[in-house]
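Both chains are sitting in their own frames, so use the hints and assemble them into the complex.
Each chain is listed here by its residues.
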Amino acid sequence: MHVRELELDLDAFEGPFDLLLTLVLREELEPRDVDVAAVVVTFVERLAERERLDLDACGEFLVLVAALLELKARELFPDEDVELGDLDPEEAAEELARRLEEFRRMKEAARWLTERLEQERDRFFRLGPAPLAPRAEPRIAPQRPETLVAALRALAAEPPQVSLGHMALRFPPVTQFVERFRALLRRRRRFDFDQEVGGLSRIEQAVAFLALLELRKGGELRIDQAAPFAPIRIEPAAEGVRARDEEGEDSWNARSA
Amino acid sequence: MERTLRLISTHPLDDLARTLEALLVVASQPLSAEEMADAAGDDAERVEDALGLLEERYTEGRSGIVLEQVAGGWAFRASREEAEACARLFERPVERGLSGAALETLAVVAYLGPCTRPDIARIRGVAADSVVAGLVERGLVAESGRDEGGAVRYRTTPLFERVFGLESLSALPRLDDLGETTDDIRDRLEAIAARRPA
Numbered sequence: 000m001h002v003r004e005l006e007l008d009l010d011a012f013e014g015p016f017d018l019l020l021t022l023v024l025r026e027e028l029e030p031r032d033v034d035v036a037a038v039v040v041t042f043v044e045r046l047a048e049r050e051r052l053d054l055d056a057c058g059e060f061l062v063l064v065a066a067l068l069e070l071k072a073r074e075l076f077p078d079e080d081v082e083l084g085d086l087d088p089e090e091a092a093e094e095l096a097r098r099l100e101e102f103r104r105m106k107e108a109a110r111w112l113t114e115r116l117e118q119e120r121d122r123f124f125r126l127g128p129a130p131l132a133p134r135a136e137p138r139i140a141p142q143r144p145e146t147l148v149a150a151l152r153a154l155a156a157e158p159p160q161v162s163l164g165h166m167a168l169r170f171p172p173v174t175q176f177v178e179r180f181r182a183l184l185r186r187r188r189r190f191d192f193d194q195e196v197g198g199l200s201r202i203e204q205a206v207a208f209l210a211l212l213e214l215r216k217g218g219e220l221r222i223d224q225a226a227p228f229a230p231i232r233i234e235p236a237a238e239g240v241r242a243r244d245e246e247g248e249d250s251w252n253a254r255s256a
Numbered sequence: 000m001e002r003t004l005r006l007i008s009t010h011p012l013d014d015l016a017r018t019l020e021a022l023l024v025v026a027s028q029p030l031s032a033e034e035m036a037d038a039a040g041d042d043a044e045r046v047e048d049a050l051g052l053l054e055e056r057y058t059e060g061r062s063g064i065v066l067e068q069v070a071g072g073w074a075f076r077a078s079r080e081e082a083e084a085c086a087r088l089f090e091r092p093v094e095r096g097l098s099g100a101a102l103e104t105l106a107v108v109a110y111l112g113p114c115t116r117p118d119i120a121r122i123r124g125v126a127a128d129s130v131v132a133g134l135v136e137r138g139l140v141a142e143s144g145r146d147e148g149g150a151v152r153y154r155t156t157p158l159f160e161r162v163f164g165l166e167s168l169s170a171l172p173r174l175d176d177l178g179e180t181t182d183d184i185r186d187r188l189e190a191i192a193a194r195r196p197a
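Here the protein sequences line up with chains U and L, keeping their order. Residue numbers for the first sequence follow numbering that gives the first Met the number 0, beginning at 0 and rising by one. Residue numbers for the second sequence follow numbering that gives the first Met the number 0, beginning at 0 and rising by one.
Treat the hints as calculated values from the structure; they're not laboratory data. By construction, the Cβ of each residue, glycine as well, lies at the ideal position given by its N, Cα and C atoms. Hints may contain errors.
Here are some, though not all, of the chain L residues that point toward chain U, as calculated from beta-carbon distances under 8 Å [unchecked claim]: (1) Ala82; (2) Glu94; (3) Pro172.
Extracted from the complex, chain L is given alone in its bound form (with noise of 0.2 Å):
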C-alpha cells in the first residue's frame, strides 16, 4: 500500500509545489517568486521549477483551476470553461459599467502613467475628475505621488493587470503598433466607395 502511494509522487519538488499550492489558494491577490520562497523557505530558483510543474498540472483543460502568471505574479483562476457556472455565482463587479470615457481615462493612465488629472484632460480634451474619481473607487487606478507642481499622480493597480488578464504593463500593445496602417486606411475607404451608388 505504501509503495504503491510512493509511486504516485516521485517527483523531487513535490513537496515544494504541495506547499506552493497551500500559498496560492490562500493568497487573493498574486504571488511573487519571491513571496513564495520566502514563505516555503526554499530557493527562488526551485521555487520556479515547482511552479512550472504546477503550469502544467493546473492548465485549461485539464483542471477547473488555472495557474497564471498575471499582474508580475502568480495566481489561481477558475478555468474558462467553468466560466459560466462561475457567471452564475458571481459577478465581475470592477469591470461592470466601464464607460468609453472611462475606457480612454484608463488607456491614457496606463501608457503614460504616473501621470496628473491635468494631464488626462489635456489629452482627452475634457476634464477627466469625475471619471479618475470613478476608476479610484473601482480600485483600477491609485494614486502614486505628485508632481512638482503637487498636482496627485495616478497610476493603474494590479488589479486592472488583473482584470485585463496582464502579465505586466509592459504586455500592453506598443502604441505605435494601435494605429492603422496605410493599407488598413486604404482598405476602408475602398469599403466605403463600395458601399457608395455608383
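Looking at chain U on its own, in the form it has when it is part of the complex (with noise of 0.2 Å):
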C-alpha cells in the first residue's frame, strides 16, 4: 500500500496524497483548506480494506499526516504563543516543511532508483569475491652498507665474560662443624669461638654458628659472651650448665637456634 497513492476526495482537493503535500508545500494550497480528519479517515479505511496491518505505511502516514497536522495548527493560530517545543511557531512550520520536502525528494530519489533498476535489468556483469592479490613485495629504502657493517660487528663481537662467582657460594654441612666442636671439646676444656673460625669465609663461619647452636640445643656444651661482640666462649656443658638454666636462657637459645 502506497501512502502517497492515497486517493483523496475532499471539499478543496481530490487527487493522490503525494500531490496534496506537493501543493501544500508550494503553497499552491492553503493547509486551513485541508480536511485533515477526511484525510485520516480515508486512509483508515483503505487500510481496513486490507487483511494485513501495512506497519510500513502506517508508519509513513502517520509522519506525514502529523506534519500536516501541524503546519495547518500553525496556519490556523499563528499569534497564539503556543508551547510546541523551543521553536517559534514560524520556525517550527518552516522545519516540518523541510523536513516534508526532504522526505517527499528522498520519495522521489527511491523513485528514480526504482526506474534506474528497471532500465539496468539486462545488464549482466561478473560478480564475484575479490581475487586474492598477490602480496606486495615490500620497497626498501636505499641502505648504506656501511651501517650494516658496523651493525654486524656490535652483533660480532665478543661478550664480557660474565662472573660466576656468586655460583661457588657452598654451605659445608652444619655436621661438619657439630663434629669438629665435638672433637675440640674433648681435647680442651674451653676454646674461643672466634679463634676457631677467624680463618674461614663469612658462610662458613655462619655455618659453624649454627652447629654451635645446635650443640648448646642438644645440651653438649656452654655458650658465654660478656657483652655484645665479645668473643664467644664455649665449654662443655658439665660445668655450670645448670646454672645457666636457672637464669632462664636456655629457652632463647634453643628457639633461636
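Structure representation (C-alpha cells):
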C-alpha cells in the first residue's frame, strides 16, 4: 500500500495524497482548507480493506499527516504562543516543511532508483569475491652497507665474561662443624669461637655458628659472651649448665636456633 | 603469412590493449586506470588511450562483451542484446525482491551517506534497522566509521553503483531536480479534473 498514492476526495482537493502535500508545500493550497480528518478517515478505510496491517504504510502516513496537521495548526493560530518545543511557530512550521520536502525528495530519489533498476535489468556482469592480490614486495629505502657492517660488527663482538662468582657459594654441612666442635671439646676444656673460625669464609663462619647452636640445643655445651661483640666462649655443658638454666636463657637459645 | 598478420595489428597501443583485456577479464570488480597501469607496468596516460581503443572495440552491437566505466573504474559486462540468454543461465540476485522501503533507504544512504540508522529513520519516519541490515547483507550498503555519538555510519558500496549502472555517486540526479515542476503539478491537476464527471 502506497501512502502517496492514497486517493483523496476532499472539498478543497481531489487526487493522490502526495500531490496534496506538494501543493501545500508549494503554497498553492492553503493548509487551512485541507480537511485533515477526512484524509485520516480515507487512510483508515483503505487500511481496513486489507487483511494485513501494513506497518510501513502506517508509519509513513503518521509522519506525513502529523506534519500536515501541525502546518495547519500553525497557520490557523499564527499569533498564539503555543508552547511546542523551543522553536517559535514560524520556525517550527519551516522546519516541518523542510522535513516534508526532504522526505518527498527522498521518495522521488527512490522512485528514480526503481526506474533505473528497471532500465538496467538487462545489464549482466561478473560478480564474485575479490580475487586475492599477490602480496606486494616490501620496498626498502636505499641502504648504506657501512651501517649494516657496523651493526653486524657490534653483534659479532665477543661478549664480556659473565662473573660466575656467586655460583661458587657453597654451604658446608652443619654436621662437619658439629663433629669438629665435639672433637675440640674432648681435647680442650674451653675454646674461643672467634679464634676457631677466624680463617674461614663468612658462609663457613655462619654454618659453624649454627653448629654451635645445634650443640647447645642438645645440651652438649655452654656458650658464654660477656657483652655484645665480645669473644664467644665455649665450654662443655657439664660445668655450670645448671646455673644457666636457672637464668632462663636456655629456652631463648633453643628457639632461636 | 607473417606479413599479413602484422597488417592486422598495426596500432601502437595494441600490445598494451591486449594486456588490459587480460586484466579486465580476470577482474571480478571494476579496475581503475591506475590499477591497470600498475599491473601492466605502463604509464597511466597510455592506459587511458588503450582503454579508449578497447571501448570502441567492445561496444553494444559490435561485441557480446561491452567495456563500460562504472563504479569508479572499468569493467566488462554482457551486451544488453545478450541479456535474454544470460537471464536463462544466471539471475541478478542482488536486486531481487528489493522492497520499496529498501529502495527508499538506499536513496537516503546514497544521497546523504555516510549516515546513521537514526538519520535514516528521521527522514523516513520509520525505524530503519532491519532494512539497513538487509541492504548490508546484499552488499549494497556497508559500514563506514562512526559518528561522534558512536552510531555506525553507512554508505553505498561500489556494487550499488554497478547494479544501478552508475559511473559514480555523482551520476545520481541532483535532489533539487527530482521534485516536480509547477507545470508537472498543473498537468496532473488537469488530468484529475478531466477524470472528474462534470
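Problem set entry | Violated hints, by number in ascending order, as checked against the structure | none
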